[in-house]
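Engineer: Dock chain B against chain A, hints included.
Respectively, the protein sequence lines represent chains A and B. Numbering-wise (the numbering used here), the first sequence opens with residue 1 and increments by one. Numbering-wise (the numbering used here), the second sequence opens with residue 134 and increments by one.
It should be emphasised that the hints constitute simulated quantities derived from the structure, not laboratory data. Be aware that a few hints might be false.
To be verified - Stretch by stretch, here's where chain B covers chain A in the computed footprint (C-beta under 8 Å, at least three residues):
no.	segment
1	23 to 34
2	71 to 83
3	92 to 103
To be verified - Subject to a maximum C-alpha distance of 25 Å in a straight line, what follows is the list of computed PhoX-like cross-link-like pairs (lysine-lysine):
no.	chain 1	residue 1	chain 2	residue 2
4	B	Lys164	A	Lys14
5	B	Lys256	A	Lys14
6	B	Lys250	A	Lys14
7	B	Lys250	B	Lys201
Bear in mind that the values here come from a model prediction, so they are computed numbers and not experimental data. Backbone N, C-alpha and C define an ideal beta-carbon position, used for all residues, glycine too.
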Amino acid sequence: MADTLHFSLVSPAKEMFSGEVSHVIAPGSEGQFGVLPKHAPFMTTLKNGVVQVLRAGKDEMRIFVRGGFADVTPAGLTILAEEAVDLAEADKAALQAELEATQLELKSHSSDDGAHVRLEEHIAYLEDLCAAI
Amino acid sequence: MASLKELKGRIASVKSTQKITKAKQMVAAAKLRRAQEAAEAARPYAERLAAVIANLSAATGADGSGPKLLSGTGASDTHLVLVMTAERGLCGGFNANTVKRARQHIDELRAEGKTVKVITIGKKGREQLGREYGDLFIDHVDLSDVKQNDFTEAALGLGHELTRLYEEGAFDVASLVYSRFKSVLSQVPSVQQVIPATPPEDAEVIDLQGAIYSYEPSEEEILETLLPRYINTQLLSAMLESAAGEQAASMTAMDNATRNAGDLIDSLSLQYNRARQAQITKELIEIISGAEAL
Numbered sequence: 001m002a003d004t005l006h007f008s009l010v011s012p013a014k015e016m017f018s019g020e021v022s023h024v025i026a027p028g029s030e031g032q033f034g035v036l037p038k039h040a041p042f043m044t045t046l047k048n049g050v051v052q053v054l055r056a057g058k059d060e061m062r063i064f065v066r067g068g069f070a071d072v073t074p075a076g077l078t079i080l081a082e083e084a085v086d087l088a089e090a091d092k093a094a095l096q097a098e099l100e101a102t103q104l105e106l107k108s109h110s111s112d113d114g115a116h117v118r119l120e121e122h123i124a125y126l127e128d129l130c131a132a133i
Numbered sequence: 134m135a136s137l138k139e140l141k142g143r144i145a146s147v148k149s150t151q152k153i154t155k156a157k158q159m160v161a162a163a164k165l166r167r168a169q170e171a172a173e174a175a176r177p178y179a180e181r182l183a184a185v186i187a188n189l190s191a192a193t194g195a196d197g198s199g200p201k202l203l204s205g206t207g208a209s210d211t212h213l214v215l216v217m218t219a220e221r222g223l224c225g226g227f228n229a230n231t232v233k234r235a236r237q238h239i240d241e242l243r244a245e246g247k248t249v250k251v252i253t254i255g256k257k258g259r260e261q262l263g264r265e266y267g268d269l270f271i272d273h274v275d276l277s278d279v280k281q282n283d284f285t286e287a288a289l290g291l292g293h294e295l296t297r298l299y300e301e302g303a304f305d306v307a308s309l310v311y312s313r314f315k316s317v318l319s320q321v322p323s324v325q326q327v328i329p330a331t332p333p334e335d336a337e338v339i340d341l342q343g344a345i346y347s348y349e350p351s352e353e354e355i356l357e358t359l360l361p362r363y364i365n366t367q368l369l370s371a372m373l374e375s376a377a378g379e380q381a382a383s384m385t386a387m388d389n390a391t392r393n394a395g396d397l398i399d400s401l402s403l404q405y406n407r408a409r410q411a412q413i414t415k416e417l418i419e420i421i422s423g424a425e426a427l
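Excised from the complex, chain A in its bound form (with noise of 0.2 Å):
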C-alpha cells in the first residue's frame, strides 16, 4: 500500500477534515505548497484561498481557507483556518447576498473605526470566496 498522509484541518469552530490522504495542496503566504507523505518539518502561514485535498480513489475535496496556517511534521499535515467551508457545501447565491449586504454596512461606518477595518476584510474574504466557486 502506498504511503499516505495524515491530515486534519482545524477552524475554531470545529474540526472540519482529519484522516489519510495522498496529497494537499495548500495556499501559503508566499505561494502555493503541495503535501506528499513524508513531507520535511515546515510551518508557514496561509493566505485566503482553496485547499485541495486529494485521495486515493476518492473524488478531490475543495476547502476554502481564511487566513490560518500550515504545520507539517513527520505525524502529518494540520491546517489551522480562521475559518473554512467546505466548496461542496458553499451556497453562492447566499454568499452574494451577504457580501451585498456586507458592503452595504461598510458604508454606514465612518472610515477610522475599528468596525470598518474588520468589515473590509470581511468583504474581500467574501469575494474570494464567491471567486473560488
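Structural biologist: Chain B only, in chain A's frame:
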C-alpha cells in the same frame, strides 16, 4: 395553625413554582448540550494552536527577544483583570463563585502594590463587583445579544481591544478569571494569564525525528501573526466554557429547586391532611356529644 384554605393556597403556589423550575431545568439541559458541543468542537483548534505556540516560543523566545506579546513589557506594575461571568442569574453559585475568585485575585494584586484595572465580561460580574471596585472598571463586554454560542465576534473584538491597550502601554499583565467547565457537576473558577502569552506547560512537543523545521516567512513573523490569534482563541474558549458552565450550573440549581419544591409540597400536603382530619374528628365529636345530650 394555618387554616385549610390557606394551606391549599400555599400548596398550589409551590406547585406552580415547581412547574417553572422544572421547565427552566429542561431548557438549561437542552442549552447545556449545545454549549458543551460548541466548547468541545473548539477544543482541537485551541490545543493545536497552543502546541504550535509552545514549539515556536521554545525556538525564538528563550533569549527574551521574541515579540512583546510573548516576552512581556519587562514590568508588572499594572495588571488588567478580565472577569467573565454570565448575563443571567438563576444558576446557583456560578456567578458568586467566579466573582469571589476575582475579588481574591484583585485583593492579592493590590496587596502587592500593583495597579489594577478591570474589564468585566457579562452583566452579573459587573453588578457584583461594581460596589467595591467600580472605580477600577475600564470597559465592559456585553454578551447578552450573542446567539447560539457564536462568541467569535465578541472574542475577536475583545482580543483586538486587548492588543491595542497593550500596545499603548495601558497594562503590563492581563489575566482572565472565568469558570472552567470541568464537568456538568463541577465548574472551577480559575485565573489564567492571557498577556504576556504563556503556552501551557503540558503542551505536547512534536518529535521532529532529527529533521530541521523550515519556516515561511521567518519564525518571528509567524509568531507575530499567531500570538494575537492565540489570545483570541483563549478568550473564545473561555467564553464557550463559561457558557457551558452557566447552563450546567443553572440545570443543577433548577434540579435542586424542583426537588425542594417537591419536599415542600409533601410536607404541606401532610399538614393539610392532618388539619382536615382534625376538623372531621372535631365535627364528629360535636355531633355525637349533641346526640348524647338528648
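Engineer: It remains to establish, for every hint, whether it holds in the given structure.
Structural biologist: Results for each hint:
Here's how the segment 23 to 34 of chain A fares: 3 of its residues keep a CB closer than 8 Å to some CB of chain B, so the rule of at least three is met and the hint holds. Counting residues of the segment 71 to 83 of chain A whose C-beta sits closer than 8 Å to any C-beta of chain B gives 7, which meets the bar of three, so the coverage hint holds. Interface restraint, the segment 92 to 103 of chain A with chain B: violated (0 residues with C-beta to C-beta distance below 8 Å; minimum three). For the hint linking Lys164 of chain B to Lys14 of chain A, the alpha-carbon distance of about 18 Å falls within 25 Å, and the restraint holds.
With a C-alpha separation of about 28 Å, the suggested pair Lys256 of chain B and Lys14 of chain A falls outside the 25 Å cut-off, and the hint is violated. With a C-alpha separation of about 34 Å, the suggested pairing of Lys250 of chain B with Lys14 of chain A is violated against the 25 Å cut-off. Among the hinted pairs, Lys250 of chain B with Lys201 of chain B is consistent with the structure: their alpha-carbon atoms are about 20 Å apart, no more than 25 Å.
Consistency with the previously given hints fails for numbers 3, 5, 6, ordered from lowest to highest.
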